[in-house]
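Q: Sequence:
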Amino acid sequence: MFVGDGEELPRLISEFETTNLGERLAGVRALAGYSPDDVARAVEEHGCGEVVVEADGECLAHAFDTAFACLDGGSQVTVAFPCESGFKCELPASFRHVHHLRLRPVRSRVEAFFKRATDIAGSLAGLTVLLPLLVAIGILVKLSSPGPALFAQQRLGRRGRPFKMYKFRTMREGSDSHAYRAYMNGFIREGRHAETTPNGCKIYKPLNDPRVTPVGAWLRKLSLDELPQLWNVLRGEMSLVGPRPCLPWEWELYEPWQRRRLDVLPGCTGLWQVRARSRVPFQEMVLLDLQYGHHATLWTDLGLILQTFPVMVLGRGAC
2 MFVGDGEELP RLISEFETTN LGERLAGVRA LAGYSPDDVA RAVEEHGCGE
52 VVVEADGECL AHAFDTAFAC LDGGSQVTVA FPCESGFKCE LPASFRHVHH
102 LRLRPVRSRV EAFFKRATDI AGSLAGLTVL LPLLVAIGIL VKLSSPGPAL
152 FAQQRLGRRG RPFKMYKFRT MREGSDSHAY RAYMNGFIRE GRHAETTPNG
202 CKIYKPLNDP RVTPVGAWLR KLSLDELPQL WNVLRGEMSL VGPRPCLPWE
252 WELYEPWQRR RLDVLPGCTG LWQVRARSRV PFQEMVLLDL QYGHHATLWT
302 DLGLILQTFP VMVLGRGAC
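Residue 128 in this note's numbering sits at position 127 of the sequence shown, with consecutive numbering throughout.
Rather than coming from a laboratory, the hints here were simulated on the basis of the structure. Treat the numbers as computed from the prediction; the structure is a model and nothing was measured. Any given hint might turn out to be false.
As the list claims (entries may be wrong) - Pairwise CB distance ranges, derived in the manner of DEER restraints:
{"no.": "1", "residue 1": "Pro-149", "residue 2": "Glu-45", "range": "50 to 58 Å"}
{"no.": "2", "residue 1": "His-179", "residue 2": "Ser-15", "range": "49 to 57 Å"}
{"no.": "3", "residue 1": "Glu-112", "residue 2": "Ala-137", "range": "31 to 39 Å"}
{"no.": "4", "residue 1": "Pro-106", "residue 2": "Leu-223", "range": "33 to 41 Å"}
Said to hold, decoys possible - Derived pair list, reagent style EDC-like, types lysine to aspartate or glutamate, alpha-carbon separation capped at 20 Å:
{"no.": "5", "residue 1": "Lys-203", "residue 2": "Glu-191"}
{"no.": "6", "residue 1": "Lys-165", "residue 2": "Glu-253"}
{"no.": "7", "residue 1": "Lys-206", "residue 2": "Asp-177"}
All C-beta atoms, glycine included, are put in the ideal place defined by N, C-alpha and C.
Produce the complete structure using the sequences and hints provided.
A: Structure, rendered in structure tokens:
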């Protein structure tokens, strides 16, 4: 079944008919005027195993709410974006001219078991090998400014479950967060960027934050402040690879479809960190997280871990 009412829909149907591999088109349903549950019921009534939902910037939330309603009902779902959209991901053979995001159930029990085993082995190895470095950084942070070496903060993980995330402290004690919260509100709700570089590149993260200490800035540049999260991985609160966890007040700003980025365990690194870092708006970050969550394998996790070193440690990918 095709769901949508935009200019891209006729092209989608035409390409389906041209490359049809024996599948039957059950119907076409407009997106406007129907709730996600209405569409999901129609999909179930027609016995559709595959649903294609057209999405654009004006109805993105409604399109994804509909897509997830169909996915939760047991159908395979593809969300198709207009050709001119900035979002890029892998294209299926039957849809060469549109960007798309394919949604499917997140990890089988076997896949989840092997991912957890990899997380335990990786975090144990990392904590053991990096112990001297962790101690040295802790001493450096403690000596550089008043306050504890470690910073613990409540974050929300898989499906909004709270946990205490650990980092090396990079800010001065008692720093005011009102300006940062105001920026994040605009970033999440409006896609607002923080700064523009001399070459015209938009940065979606405040630079030169006055709250950050000199040592903290160095740790952030090399991503060394994140190393204590290996303990969160060992505890099962995070994974080595996954979307970044969010703050409780950020969760409240999310639309329902955006919360689905945390259908999987949050991670220390991930697709967004490797491909985009702070160079894309919030909605595109969510799309990258969804792409990871619905397509991740142990091999993609290994690839992302290997790509993290040049991207995060050497600063590649920054504007």
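Q: Work down the list of hints and note, for each, if the structure agrees.
A: Now the hints, each set against the structure:
1. Separated by about 54 Å at the C-beta atoms, Pro-149 and Glu-45 satisfy the suggested range of 50 to 58 Å.
2. For His-179 paired with Ser-15, a C-beta distance near 52 Å keeps the hint of 49 to 57 Å intact.
3. Our hint of 31 to 39 Å for Glu-112 and Ala-137 holds, since their Cβ atoms are close to 37 Å apart.
4. For Pro-106 paired with Leu-223, a C-beta distance near 37 Å keeps the hint of 33 to 41 Å intact.
5. Restraint check for Lys-203 and Glu-191: the C-alpha separation of about 14 Å stays at or below 20 Å, so the hint holds.
6. In summary, the hint linking Lys-165 to Glu-253 is supported, as the alpha carbons are separated by about 18 Å, within the 20 Å threshold.
7. Proposed proximity of Lys-206 and Asp-177 is supported: the alpha carbons are some 17 Å apart, at most 20 Å.
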